[in-house]
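Engineer: Read off the chains here:
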Amino acid sequence: MSTAPNFVGPDRHGLFNFWPRHNEAIYRRLETKHAWLETRHHPGGDGQPDPLEHEMILNIGPQHPATHGVLRCIVKLDGEVMEKCVLDLGYLHRGLEKVAEHKTYQEFMPYTDRMDYLSPYSNNVAWCLAVEKVAGIEVPERAQWIRMIMCELARISSHLLWLGVGLMDAGAVSVFLWAFKYREEIYSIFDEVCGARFTVSHSRIGGLASDLSPTAIAMIRRFVEEFPKELADWEKIINRNKIWIDRNEGIGVLTAEEAIELGVTGPNLRGSGVDYDIRRFEPYLKYDEVDFNIPIRTEGDSLARYFVRMEEMKESVRIIRQCLERLPEGPIRNDNAKLAYPSKEEVYYAMEGMIHDFLYTDVGVCPPKGAHSYHAIEAPKGELGFYIISDGTGNPWRVRIKAPSFSNLQGLEYMMEGAMIGDMVILIGTVDPVMGEADK
Amino acid sequence: MAEKLGNERPKTPEALKFYFTPVDPPRGDELNPHAKATTYVPEVVEALKERFGDVIEEVELYAGEHTVRVHTDKIVEVCRFLKEEQGFNYLADLGGIDRFTDEGRFEVFYNLVAIERRKRIRLKVRVEEDNPVVPSVTSVYRAANWNERECYDMFGIRFEGHPDLRRMYMPEDFEYHPLRKEFPLLGIPGSLPLPPQTPGGPLTYDPFARAHGHVPPPGFEEPPAEDEERSEH
Amino acid sequence: MLDLREGFLTTRLDVVLNWARSNSLMPMPMGLACCAIEMMAFAGPKYDVARFGSEAMRFSPRQADLMIVAGWCTYKMAHAIRRIWDQMPDPKWCIAMGACASTGGMHRCYGVVQGVDNFLPVDVYIPGCPPRPEAVLHALMDIQEKIRNEYSVALDYARGEPRPAALPARPHVLSPEGDEPVAREVLHRPLKST
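Protein chains in written order, with the working numbering: chain Y, 1 to 440; chain C, 1001 to 1233; chain Z, 2001 to 2194.
Hints may be right or wrong, so weigh each one.
[Claimed, not checked] Calculated pairs, DSS-like style, for lysine-lysine (alpha carbon to alpha carbon, straight line, at most 27 Å):
{"hint": "1", "chain 1": "C", "residue 1": "Lys-1181", "chain 2": "Y", "residue 2": "Lys-103"}
{"hint": "2", "chain 1": "C", "residue 1": "Lys-1124", "chain 2": "Y", "residue 2": "Lys-369"}
{"hint": "3", "chain 1": "C", "residue 1": "Lys-1036", "chain 2": "Y", "residue 2": "Lys-286"}
{"hint": "4", "chain 1": "Y", "residue 1": "Lys-314", "chain 2": "Y", "residue 2": "Lys-229"}
{"hint": "5", "chain 1": "Y", "residue 1": "Lys-242", "chain 2": "Y", "residue 2": "Lys-181"}
{"hint": "6", "chain 1": "C", "residue 1": "Lys-1083", "chain 2": "Y", "residue 2": "Lys-369"}
{"hint": "7", "chain 1": "C", "residue 1": "Lys-1181", "chain 2": "Y", "residue 2": "Lys-369"}
{"hint": "8", "chain 1": "C", "residue 1": "Lys-1049", "chain 2": "C", "residue 2": "Lys-1036"}
{"hint": "9", "chain 1": "Y", "residue 1": "Lys-314", "chain 2": "Y", "residue 2": "Lys-236"}
{"hint": "10", "chain 1": "C", "residue 1": "Lys-1049", "chain 2": "C", "residue 2": "Lys-1124"}
{"hint": "11", "chain 1": "Y", "residue 1": "Lys-103", "chain 2": "C", "residue 2": "Lys-1074"}
{"hint": "12", "chain 1": "Z", "residue 1": "Lys-2046", "chain 2": "Z", "residue 2": "Lys-2146"}
{"hint": "13", "chain 1": "Y", "residue 1": "Lys-236", "chain 2": "Z", "residue 2": "Lys-2146"}
{"hint": "14", "chain 1": "C", "residue 1": "Lys-1074", "chain 2": "C", "residue 2": "Lys-1049"}
{"hint": "15", "chain 1": "C", "residue 1": "Lys-1124", "chain 2": "C", "residue 2": "Lys-1074"}
{"hint": "16", "chain 1": "Z", "residue 1": "Lys-2046", "chain 2": "Y", "residue 2": "Lys-229"}
{"hint": "17", "chain 1": "C", "residue 1": "Lys-1036", "chain 2": "C", "residue 2": "Lys-1124"}
{"hint": "18", "chain 1": "Y", "residue 1": "Lys-314", "chain 2": "Y", "residue 2": "Lys-286"}
{"hint": "19", "chain 1": "Y", "residue 1": "Lys-314", "chain 2": "Y", "residue 2": "Lys-242"}
{"hint": "20", "chain 1": "Z", "residue 1": "Lys-2146", "chain 2": "Y", "residue 2": "Lys-181"}
{"hint": "21", "chain 1": "Z", "residue 1": "Lys-2046", "chain 2": "Y", "residue 2": "Lys-314"}
[Unchecked claim] Listing some non-contacts, in silico: residues in chain Z with all C-beta distances to chain C over 10 Å:
{"hint": "22", "residue": "Gly-2007"}
{"hint": "23", "residue": "Thr-2010"}
{"hint": "24", "residue": "Val-2015"}
{"hint": "25", "residue": "Pro-2045"}
{"hint": "26", "residue": "Lys-2046"}
{"hint": "27", "residue": "Tyr-2075"}
{"hint": "28", "residue": "Gln-2114"}
{"hint": "29", "residue": "Asp-2142"}
Honestly, the hints are just simulated from the structure, not real lab data. Beta carbons: idealized from backbone N, C-alpha and C, even for Gly.
Bound conformation, chain Y alone (with noise of 0.2 Å):
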């Protein structure tokens, strides 16, 4: 052959390169935003070209094994140093809000599971609280301490996949897999309660759908007694890896009022010693009669925000032990038919009961038109929040989820520029998103 094969370049021959318009805006932005870093790395700069062409624009996902999820980001290097980061979402939405719109409040449970789906029960709960607030529903005391119990086995699951995870990506692949062998344990606890690993749909408005068994009991019991000792012995090989705290310390610093500046939330916002935890904020379910601390750092980097989960996991295993204690027998739902499912034995032998569960699947709970109420709750990644708006009918007229992982992934576009490449991963792992949720 005499002539140079023409083979397909990247740009296919001007086919579509997928969303052309919206690569061109992502590029836009990347060149007109003001990155400080640029003055500091060229002092000389006056539009002089960069004779070695350090710079660079690195595309990193949406699909790649450390993204913790499909989240892009789109990079300008400078050599290592990341100049300016955009970080592109949207890769897992779905338009929950816009379901929601369809949906009676209980059909939506399900949805709300899939938000946060490293802890879907602090979702459910958070969903049924915000419910029961616009609707002005009680719940019976031990579906709220059986809440609470479930919520923190959640907190301490979503902690160890981030632990798992987060170790994994720096290296370290043994613990991903002890990690995920206490979250085997979670799952069979959560099986034995809900029926389902995890993607429960447990809580229901104006309570839970069925109540502890002695089986459950005695496997959460084992579960607590076993697993702060499995965690100490984590913490003796983790904590003094010089590999793990050299890769952590002093990794995207965030001082307390940037931290409040940026929006962040959760064990971010602890991190850099701000005192923000909507448990002790504005408590809900019985988190005002049990104690507990709530662990705090000031330095800001990504090892503090390292101890303050490990810490939130220790925490949580002493709150599932007083609440076991303080397990108060009683009704585990609402008994208001208008309001919460009747029970199941109502359901079946009285024709009230079934008209009652009939009405409560098709139209159910109903808050006065024009309530509107916000709700948050401490999920592990932050302050999980839904506002509710209500037209008087059984779907709500405007759900808006807060989502703890946007406000983080905000402060991660911030802690990215100026950082090297090598440490993208770990601060990925340190703001710990779930896109699910920020992409709702």
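Using the hints, position chains C and Z against chain Y.
Structural biologist: Coordinates of chains C and Z only, in the frame set by chain Y:
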């Protein structure tokens, strides 16, 4: 009231008797069992009224939560007052609401938190459908950046003074605003193309391609080299 | 014997190749959402997938041959997934894990592609939301069965000939008396009329 059934099997027919529960309307006032003290802020509302007078259009109280509706042009000053003088330094949330009325169709709400004082307040502004423009509060709260972008993406409300008003979730090529009430839940077919069925082929505009018979062929064939013809299949 | 069409040697070679391919599947986990967590559990210590030969979860498409789409796929993400699928070398198979990847699942809305099979040739669908890891293992075994019944060498390089469809997997149905597999014709016997 009958004894609670709890979770045991009822043993006698009398225990199964279902007692009609009273029809209490759901309570939304301060006696709401979930109302919290942090959201009840009459002193802040008074301070706002004193300072801004008739910029404050309406004050609502439901379930112990104060919501203050503010005139749209003054939202930045109100936010600055709340942040600097009242200590509401944390913006928890910002979003849009489609009221689907003829006047004042869209609303934008702001959830503000004063961490030190343990208080929350909600602000709202109302905009018309034909000119949905709201001054951006990113100069006051930096956390508003992405939230306002999301509000623009979902409702089409433009924020004046926003440094980077792009779409948040949907790609820029998408022409509609999904959370508006007239946008159908399943979307508009063809507004978001699917990838081609064969590499290098045309985009798929039919969202139910498989159901309509366009099955993507299994990729068992390697693309032919330059000088060979593709064999007939 | 050396005949390309089902000669003795080529079919034996087929068996060996298919055995090797099926027992060393390298999954490329397209882990999008909650099903990705179950996929991590399926690779985790309790439901170990390494014992099936799929220890190496290759995140690079060039090194993988099985793509497990786990989670709902949005229109925005679909193009990335298709591009990654195109980058995977042959032979490649695809598992749609979970209800959302198979049909869009509970997410019947504007952002979610109603089934990844609208743009990807899926081999095995796994129902469930999320499917238990045992179900994913079952799907992996189904793919292994499918691979074992494929023509890899025989008829592969025959140009100009249409490739016949792979034989469907043969179910191991045991007869009530013993453990001899029942012949296919017997299975389709009409019901006895009483």
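Engineer: So, for every hint listed, does it hold in this structure?
Structural biologist: Going through the hints against the structure:
1. C/Lys-1181 to Y/Lys-103: The hint holds at about 14 Å.
2. C/Lys-1124 to Y/Lys-369: Roughly 18 Å separates the two Cα atoms, so the pair holds.
3. C/Lys-1036 to Y/Lys-286: 13 Å, holds
4. Y/Lys-314 to Y/Lys-229: Holds: Y/Lys-314 and Y/Lys-229 sit about 10 Å apart, inside 27 Å.
5. Y/Lys-242 to Y/Lys-181: 25 Å, holds
6. C/Lys-1083 to Y/Lys-369: 32 Å, violated
7. C/Lys-1181 to Y/Lys-369: 18 Å, holds
8. C/Lys-1049 to C/Lys-1036: 23 Å, holds
9. Y/Lys-314 to Y/Lys-236: 15 Å, holds
10. C/Lys-1049 to C/Lys-1124: 15 Å, holds
11. Y/Lys-103 to C/Lys-1074: With Cα atoms ~36 Å apart, Y/Lys-103 and C/Lys-1074 exceed 27 Å; violated.
12. Z/Lys-2046 to Z/Lys-2146: 26 Å, holds
13. Y/Lys-236 to Z/Lys-2146: Violated, at about 47 Å.
14. C/Lys-1074 to C/Lys-1049: With a Cα-Cα distance of about 13 Å, the restraint between C/Lys-1074 and C/Lys-1049 holds, given a limit of 27 Å.
15. C/Lys-1124 to C/Lys-1074: 11 Å, holds
16. Z/Lys-2046 to Y/Lys-229: 20 Å, holds
17. C/Lys-1036 to C/Lys-1124: Distance ~20 Å between C/Lys-1036 and C/Lys-1124 Cα, so the pair holds.
18. Y/Lys-314 to Y/Lys-286: 18 Å, holds
19. Y/Lys-314 to Y/Lys-242: 23 Å, holds
20. Z/Lys-2146 to Y/Lys-181: Violated - the C-alpha atoms of Y/Lys-181 and Z/Lys-2146 are around 32 Å apart, more than 27 Å.
21. Z/Lys-2046 to Y/Lys-314: 24 Å, holds
22. Gly-2007: Given that every Cβ of chain C is farther than 10 Å from that of Z/Gly-2007, nearest at about 21 Å, it holds.
23. Thr-2010: Given that every Cβ of chain C is farther than 10 Å from that of Z/Thr-2010, nearest at about 17 Å, it holds.
24. Val-2015: 19 Å, holds
25. Pro-2045: It holds; Z/Pro-2045 is separated from chain C by about 34 Å at its closest Cβ, greater than 10 Å.
26. Lys-2046: Z/Lys-2046 clear of chain C: closest Cβ-Cβ about 30 Å, beyond 10 Å.
27. Tyr-2075: Label violated. Min Cβ-Cβ 4 Å, cutoff 10 Å.
28. Gln-2114: 6 Å, violated
29. Asp-2142: Non-interface label stands for Z/Asp-2142: nearest chain C Cβ at 16 Å, farther than 10 Å.
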